[in-house]
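Peer 1: Here are the chains, one letter per residue:
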Amino acid sequence: MRVLRDFWKNKAFLLMVLPGALWLILFFYVPVTGNIVAFKNFKYSDGGFFKSLMDSPWVGFDNFKFLFTSNNAYLITRNTVLYNFAFIVLGTIFAVFIAIVLSEIRSRKMKKIYQTSMLFPYFLSWVIISYFVYAFLSPDKGLLNSIIGAFGGENVNWYNEPKYWPFILIFLGIWKGVGYNSIIYFASILGINSTYYEAAMVDGASKWQQIKNVTIPQLVPLISILSILAVGNIFRADFGLFYQIPRNSGALYEVTSVLDTYIYNGLTSTGDIGMTAAAGLYQSVVGCILVVGVNLFMRKFDEESALF
Amino acid sequence: MKGGEKQMSKKKISQVRVQSFGKKSDIIFNILVALLAFSCIFPFIFVIIISFTSEQSLLVHGYALFPKEWSLKGYTYLADLKGQILQSLFITVFVTVIGTLINVTFTSTYAYAIARPNFKYRRFFTIFALITMLFSPGMVPSYIVMTTLLHLKDTVWALILPMALSPFNIIVMRTFFKRTVPESIIESARIDGASEFRTFTKIVLPLAVPGIATISLFAALGYWNDWFNALLYIQSDNLVPLQFLLMKIQSNIDYMTQNASLSANLSGGMASIPKEATRMAMVVISTLPIACSYPFFQRYFVSGLTIGGVKE
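The listed protein sequences correspond, in order, to chains P and E.
Using our numbering, the first residue of the first sequence is number 1, and each one after it goes up by one.
Using our numbering, the first residue of the second sequence is number 1, and each one after it goes up by one.
List of simulated lysine to aspartate or glutamate pairs, EDC-like, C-alpha gap at most 20 angstroms:
hint, chain 1, residue 1, chain 2, residue 2
1, P, K212, E, D26
2, P, K111, E, D26
3, P, K141, E, E69
4, E, K23, P, E104
5, P, K65, P, D272
6, E, K68, P, D140
7, E, K275, P, D140
8, E, K120, P, D6
Please keep in mind that the hints were generated in silico from the structure rather than gathered at the bench.
None of these values were measured; they are calculated from a predicted model.
Sequences and hints are given; from them, build the entire structure.
Peer 2: Next up, the structure:
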């Protein structure tokens with residue numbers, strides 16, 4: 001009875017959360033429980049979702065065994081982690097560098113123009129960027145091969161040469177996000193108390209020394225927070241970058257396969273639903289452990305910036 | 001070393017007046033950042049140039065920064081193709097508008113409810129949304145649920161519903177409501193006899209416009225740029241959004257160049273694939289709305305960064 005009365009008293013708020021809560025159930029909680037297909041030999045049956053799930057036989061950890069005995073598991077994990085690691089380290093260095101240089105530029109108007117231009121790639125989809133990249137890398141028409149040709153070099157068949165792709169992918173990943181990330185650091189630099197700089201000037205510090213001894217130390221907490229949070233997501237690759245930009249070129253799989261592309265290909269072409277779901281669950285579980293671990297670490301280190 | 005000292009003593013004098021680098025350094029910094037900034041917009045300029053290049057010129061010289069022969073053919077051909085492109089444009093606009101409306105409604109009502117201290121179950125529903133940020137359901141189970149339980153495959157809802165709520169934005173908006181809408185205003189509205197819904201729509205929402213603008217812009221951008229849901233769920237041509245159309249055209253071409261022998265048989269199909277300049281014209285057209293509008297909305301995107309980072 002009391003429960004009902006409480007419900008009635010909160011009816012307006014309950015109605016407000018209702019659409020969102022329904023969405024969370026249908027698009028999060030039901031799929032999460034659907035992860036049991038990773039432990040099944042999944043077959044579609046005509047009876048719909050629940051019947052398919054029930055009718056598929058249990059296979060225990062067989063799907064995981066298949067996944068981890070293939071070479072793929074190592075390759076995709078390595079690629080995912082290493083690419084993300086490169087994005088964290090290089091992306092942070094570039095973003096901080098740009099933010100500092102930007103903050104030292106005198107003209108306000110130019111600052112604004114630079115920031116706006118650098119933000120542009122952030123707003124584009126990887127499909128669009130793949131066309132941009134193609135304009136440069138197309139083997140017969142691309143700008144890069146024209147330039148190489150003009151200097152008497154041989155045409156490079158970019159989409160068949162794995163050795164260039166780690167650089168291309170890392171470059172593009174940073175290129176797309178650096179404008180956005182540098183804004184965070186830029187805002188933080190603007191927030192540094194000017195008395196630090198005044199004190200440094202009184203002590204005779206040059207501008208370089210001020211950057212080294214005031215600006216960068218003041219940014220360190222933010223840099224570590226953002227990097228540590230990024231480590232929590234190191235198991236999640238940007239699907240668009242690895243799927244659209246290399247144009248699904250088979251010759252490049254070794255350097256372009258990441259967890260997300262592997263799962264997508266498994267779902268749409270190889271058709272082994274169980275093993276693909278196992279790969280997905282592996283990604284989610286390790287990702288979850290990382291996020292929780294990182295947050296526990298953050299709580300010890302800096303309570304304010306932990307997510308929960 | 002010696003040079004450094006000399007520069008330092010010179011600096012000291014200039015620093016008394018202005019707290020910044022000398023003129024020379026300023027020019028160097030400007031050039032450096034200008035180059036970086038230019039590299040961010042250059043590819044788009046290049047694609048615009050290609051879209052205005054004549055097909056003949058493209059065949060002979062490839063993509064060039066200074067084409068031998070300019071042409072509007074790319075765009076006129078686009079106008080001839082109008083059927084599929086107009087349909088895709090319509091789908092993209094429809095999905096963006098409806099999706100953003102749904103997303104913002106779902107997100108802001110949910111966020112407001114869990115921001116109110118007098119909502120008894122606010123803790124439960126906060127955690128209910130927060131858990132989604134720890135774990136991802138995965139592509140395979142989501143796909144199975146979408147197709148076999150919700151039966152949304154090949155419907156326009158498959159493009160809208162998967163992105164109809166963003167748990168992260170719920171947390172952003174909850175913080176925003178707590179900070180910008182004073183409890184006393186809500187309290188006085190209640191004393192005046194306004195219902196919770198009335199208070200929300202008439203008093204809270206007008207105060208929360210900057211926050212709403214931020215999340216709706218992120219939602220709109222997400223919908224406009226989405227190709228992933230189309231890739232997974234869309235088969236009918238009349239439901240293909242622009243981004244996915246571009247993607248399909250490219251993969252058709254890749255397929256044909258990889259299987260050159262096949263393309264002879266497929267020459268009928270080849271005719272329906274737009275030419276180079278036309279493809280680039282399509283890229284320009286799907287990018288232009290963003291390129292023209294984001295500088296005006298930039299501050300909302302940036303403020304999303306700062307309100308998001310704060311927990312309560």
